[in-house]
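Those sequence lines, one after another, are chains V and P. Here the first sequence stands for residues 1 to 117, numbered as in our numbering. Here the second sequence stands for residues 1 to 112, numbered as in our numbering.
A couple of the hints might just be wrong.
[To be verified] Have a look at the derived ranges for each label pair, beta carbon to beta carbon:
no.	chain 1	residue 1	chain 2	residue 2	range
1	P	L11	V	K60	18 to 24 angstroms
2	V	E8	P	G84	35 to 41 angstroms
3	V	M7	P	E100	38 to 44 angstroms
4	P	S70	V	P10	40 to 46 angstroms
5	P	K13	V	L46	46 to 52 angstroms
6	V	M7	P	S70	42 to 48 angstroms
7	V	T20	P	L95	32 to 38 angstroms
8	V	K68	P	D56	36 to 42 angstroms
9	P	K22	V	R67	39 to 45 angstroms
10	P	E14	V	A17	43 to 49 angstroms
11	V	G1	P	L95	45 to 51 angstroms
12	P	G38	V	D54	18 to 24 angstroms
[Claimed, not checked] In silico DSS-like pairs for lysine-lysine, Cα to Cα no more than 30 angstroms straight-line:
no.	chain 1	residue 1	chain 2	residue 2
13	P	K57	V	K68
14	V	K52	V	K68
15	P	K57	V	K52
16	V	K56	V	K77
For the record, the hints were derived by calculation from the structure and aren't laboratory data. Since the structure is predicted, the reported quantities are computational estimates derived from the model, not experimental observations. From the three backbone atoms N, C-alpha and C, an ideal C-beta is built for every residue, glycine too.
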Amino acid sequence: GNSVTQMEGPVTLSEEAFLTINCTYTATGYPSLFWYVQYPGEGLQLLLKATKADDKGSNKGFEATYRKETTSFHLEKGSVQVSDSAVYFCALSDQDAGGTSYGKLTFGQGTILTVHP
Amino acid sequence: AAGVIQSPRHLIKEKRETATLKCYPIPRHDTVYWYQQGPGQDPQFLISFYEKMQSDKGSIPDRFSAQQFSDYHSELNMSSLELGDSALYFCASSLEDAGELFFGEGSRLTVL
């Protein structure tokens, strides 16, 4: 079955530090990959996504590249801010060979990010 | 823009009681998903509906049932509640069963 593995957390950084949160996956088919962010007391928000190999998703300074050869989708940001403190989830959904995604998501265990001033 | 609405936002129940959670998808979205997120855990898929029919089923206990109504809103019914059912329950909606998921803010159930 499908699975997503994220790096162990929590991650604590100083403002303006470089961020990497590792994510690797196991999937049948052709998955789409996502990063979701969950701020305290809030729901899940889509941060970025990539639907095929070598695609790069980006949003709000965050980036992740779909690496099929290493089955990875690591999240990076060059300079984090205090407001980036949240829980980050890597997730995947299956696609068929024609590129149609199935909506059900499989999530990783989440990584808590805390950014200090 | 309208988002996914979940109610109630917070619910406290005793063991063996019954609870019902409601989800109102984004207008024109026809697919609804339910997820359960235990404390410090990742969200686990429970069940989904497309055009009022169950489209997929995950790790949903037999004590739970759900349905999608003609106006596309969905309800998750949980009976014989156990302490382990305490969790944040997310609903998400999408346009068709292959679109991007939009999540609600969740309903937090506490079972005492």
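Status of each hint after checking the structure:
no.	hint	verdict
1	P/L11 x V/K60: 18 to 24 angstroms	violated, 33 angstroms
2	V/E8 x P/G84: 35 to 41 angstroms	violated, 24 angstroms
3	V/M7 x P/E100: 38 to 44 angstroms	violated, 25 angstroms
4	P/S70 x V/P10: 40 to 46 angstroms	holds, 44 angstroms
5	P/K13 x V/L46: 46 to 52 angstroms	violated, 31 angstroms
6	V/M7 x P/S70: 42 to 48 angstroms	holds, 44 angstroms
7	V/T20 x P/L95: 32 to 38 angstroms	holds, 33 angstroms
8	V/K68 x P/D56: 36 to 42 angstroms	violated, 25 angstroms
9	P/K22 x V/R67: 39 to 45 angstroms	holds, 40 angstroms
10	P/E14 x V/A17: 43 to 49 angstroms	holds, 46 angstroms
11	V/G1 x P/L95: 45 to 51 angstroms	violated, 26 angstroms
12	P/G38 x V/D54: 18 to 24 angstroms	violated, 35 angstroms
13	P/K57 x V/K68	holds, 28 angstroms
14	V/K52 x V/K68	holds, 8 angstroms
15	P/K57 x V/K52	holds, 26 angstroms
16	V/K56 x V/K77	holds, 13 angstroms
The structure fails to meet hints 1, 2, 3, 5, 8, 11 and 12 from the earlier list, while all remaining hints are met.
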